[in-house]
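Participant: Residues per chain are reported as follows:
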Amino acid sequence: MGLLSKKDAKLITDPLADNNPITIQVLGICSALAITAQLKASIVMAISVMAVLGIGNVVISLIRNIIPSKIRIIVQLVVVAALVIIVDQVLKAFSYELSKTLSVFVGLIITNCIIMGRFEAFALGNGPWRSFLDGIGNAAGYGLILVIVGFFRELLGSGTLLGFKVLGDPIEKTGLYSIGYENNGFMLLSPMALIVVGIIIWVQRSRNKDLIED
Amino acid sequence: MSLKSTLHNLKEKYKGTKMAPAFNALHTFLYMPNDTTHGGTHIKAADDLKRTMNIVIMALVPCLIFGMFNAGYQHYISAGAPVDFLSWDAFYIGLIKVLPLVIVSYGVGLGIEFLFATIKGHEVEEGYLVTGMLVPLIVPVDLPLWMLAVAVAFGVVIGKEVFGGTGMNILNPALTIRAFLFFAYPTWMSGDKVWVHGAVERANEIASGANVDAMSGETILGSLAQGQTIDYTWMDMFYGFIPGSVGETSTFLILLGGLFLIFTKIGSWRIMLSSVLGAIAMGLIFNGVVSSGWIVEGSKFYGLMSAPFWHHLLIGGFAFGTVFMATDPVTASQTNKGKWIYGFLVGFISILIRVFNPAYPEGVMLAILLMNVFAPTIDHYVVQGNVKKRMKRLKAKTA
Numbered sequence: 000m001g002l003l004s005k006k007d008a009k010l011i012t013d014p015l016a017d018n019n020p021i022t023i024q025v026l027g028i029c030s031a032l033a034i035t036a037q038l039k040a041s042i043v044m045a046i047s048v049m050a051v052l053g054i055g056n057v058v059i060s061l062i063r064n065i066i067p068s069k070i071r072i073i074v075q076l077v078v079v080a081a082l083v084i085i086v087d088q089v090l091k092a093f094s095y096e097l098s099k100t101l102s103v104f105v106g107l108i109i110t111n112c113i114i115m116g117r118f119e120a121f122a123l124g125n126g127p128w129r130s131f132l133d134g135i136g137n138a139a140g141y142g143l144i145l146v147i148v149g150f151f152r153e154l155l156g157s158g159t160l161l162g163f164k165v166l167g168d169p170i171e172k173t174g175l176y177s178i179g180y181e182n183n184g185f186m187l188l189s190p191m192a193l194i195v196v197g198i199i200i201w202v203q204r205s206r207n208k209d210l211i212e213d
Numbered sequence: 000m001s002l003k004s005t006l007h008n009l010k011e012k013y014k015g016t017k018m019a020p021a022f023n024a025l026h027t028f029l030y031m032p033n034d035t036t037h038g039g040t041h042i043k044a045a046d047d048l049k050r051t052m053n054i055v056i057m058a059l060v061p062c063l064i065f066g067m068f069n070a071g072y073q074h075y076i077s078a079g080a081p082v083d084f085l086s087w088d089a090f091y092i093g094l095i096k097v098l099p100l101v102i103v104s105y106g107v108g109l110g111i112e113f114l115f116a117t118i119k120g121h122e123v124e125e126g127y128l129v130t131g132m133l134v135p136l137i138v139p140v141d142l143p144l145w146m147l148a149v150a151v152a153f154g155v156v157i158g159k160e161v162f163g164g165t166g167m168n169i170l171n172p173a174l175t176i177r178a179f180l181f182f183a184y185p186t187w188m189s190g191d192k193v194w195v196h197g198a199v200e201r202a203n204e205i206a207s208g209a210n211v212d213a214m215s216g217e218t219i220l221g222s223l224a225q226g227q228t229i230d231y232t233w234m235d236m237f238y239g240f241i242p243g244s245v246g247e248t249s250t251f252l253i254l255l256g257g258l259f260l261i262f263t264k265i266g267s268w269r270i271m272l273s274s275v276l277g278a279i280a281m282g283l284i285f286n287g288v289v290s291s292g293w294i295v296e297g298s299k300f301y302g303l304m305s306a307p308f309w310h311h312l313l314i315g316g317f318a319f320g321t322v323f324m325a326t327d328p329v330t331a332s333q334t335n336k337g338k339w340i341y342g343f344l345v346g347f348i349s350i351l352i353r354v355f356n357p358a359y360p361e362g363v364m365l366a367i368l369l370m371n372v373f374a375p376t377i378d379h380y381v382v383q384g385n386v387k388k389r390m391k392r393l394k395a396k397t398a
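Heads up: the protein sequence lines correspond to chains A and B, in order.
According to numbering that gives the first Met the number 0, the first sequence is numbered sequentially starting from 0.
According to numbering that gives the first Met the number 0, the second sequence is numbered sequentially starting from 0.
If you are wondering where the hints come from, they were derived from the structure by calculation, not from laboratory data.
Please note: incorrect hints may appear among the correct ones.
[As the list claims (entries may be wrong)] If we take Cβ atoms under 7 Å as the criterion, some of the chain B residues that face chain A in the derived model are: (1) G110; (2) F113; (3) P143; (4) P185.
By construction, the Cβ of each residue, glycine as well, lies at the ideal position given by its N, Cα and C atoms.
Please build the complete structure, drawing on both the sequences and the hints.
Facilitator: So this is what it looks like as structure tokens:
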């Protein structure tokens, strides 16, 4: 990689697989369960978190030497809250329907453990460029799982992908539905998202035995 | 060459290979192995896990046969051409509808068990033998087979294998499978059509313009939940000539099965009895609410609340769940006092859910799953209470 040194590239690639925030650190589960019934919502959520975490990490990193450590949590909260409000307003302005689907969960990015976790663990001790990469990487790892879960939940639960009826029309009985296939309503309920995340964790750990902790 | 020696030879041939557990399981499924273990002290008992499971299956067979007759009987009644209950016509419909359910249930479930045993290299555990027989008995007769296959795969893998296989599961696998079906495909698991063979098909014909009479496939619980009067006598309910899941209708045969389980000491009489007591208690409370006039007749809960309390024991899946599923030795409470509490709450909550959830007037499944989750907690406090009592006694003695 010409653009990034090997060490910097690891900041992006590590959270995608062996240090994934959802499947390995088990952070940010609540939003992963709540909004993944549709692929589109998952993607928008992933992008929102990426924007907040990328910019937030840079801001915290820039002011890391002047934040009094006693009140650093409050400062971090102010930064993340400001960014989340911007994201929320942008969503409301340009994609009102989607912002209604995501409802309170955009606002709840503030409490997403991944964000505070990266501020505390990385941005407070590293320069802005590395913090930016770390933020993008972790948000991408989070987004990757969201998209995988969203893909399966929308495909099996509604028979659509991004709103397109890829399996045929359930009412007109075309495509798969003509031979008696039916959508799995359980996939649309949050418990199933937990089970799908669990299966991803299972697959990941049986492929890489080093990840299994006793 | 007899079957036994053939199986034995197969087992010897595959000894030490990856497939060994599969052939071991086939060999010991019906026969005692010839070889004995070496070293250490062993207790030899006739009722190992396989024998225990087989006894439960024996208790279930009458329900299965009855369910086959009843499937056809209900079909012809709804179609407006009643036949005798014990007729070949009735049995034939049941046979071609119920047998595939049994085959799919065992095929998929045992297939997954063998697969996991082969991958993980442990012996095949027999836990699926009973589950595989329970599953076809607790689903509607018209359930599409591929849905059953998906549900069984889910129930066995997520409900049991991820916890470590037979004996380690928290939830009853048969009910996990049913709960999955209920939440995934609600149109096939509830409503007024699915309980009688042919009713769904007929409704589709009418929807597409055919001039035929509609068939009703409503259960008694469903009718009560909608505030309709029912025209079944309590004898019908007791002997099971009513629509419902395949094996749950005949309280009489379930009672016989339950007595058989108690007699052979496989099922816990404490759970069965306390569960019935719990249901009666809740039923009496509701009857009291109705007779004291706290609830108006138009209320959507009135139909089920005003049903005589002892009817609750006869209708729906209460008897079946209590006898065959609440008593599952893995997921129920283990201590005697715990069994009383566990069983009582199963009955109590069953009727509670039944009355207050008119959209799905069958609470037994959910009540048992809920209490499965609490069973270890109940046991914990029973054991702690016992420890405390003994400590007190010890202190009183030494003081």
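Participant: If a hint holds in the structure, say so; if it doesn't, say that too.
Facilitator: Hint-by-hint comparison with the structure:
1. G110: Status violated, d = 19 Å.
2. F113: 19 Å, violated
3. P143: 6 Å, holds
4. P185: Nearest chain A Cβ about 6 Å off; hint holds.
The structure shown violates the earlier hints numbered 1, 2.
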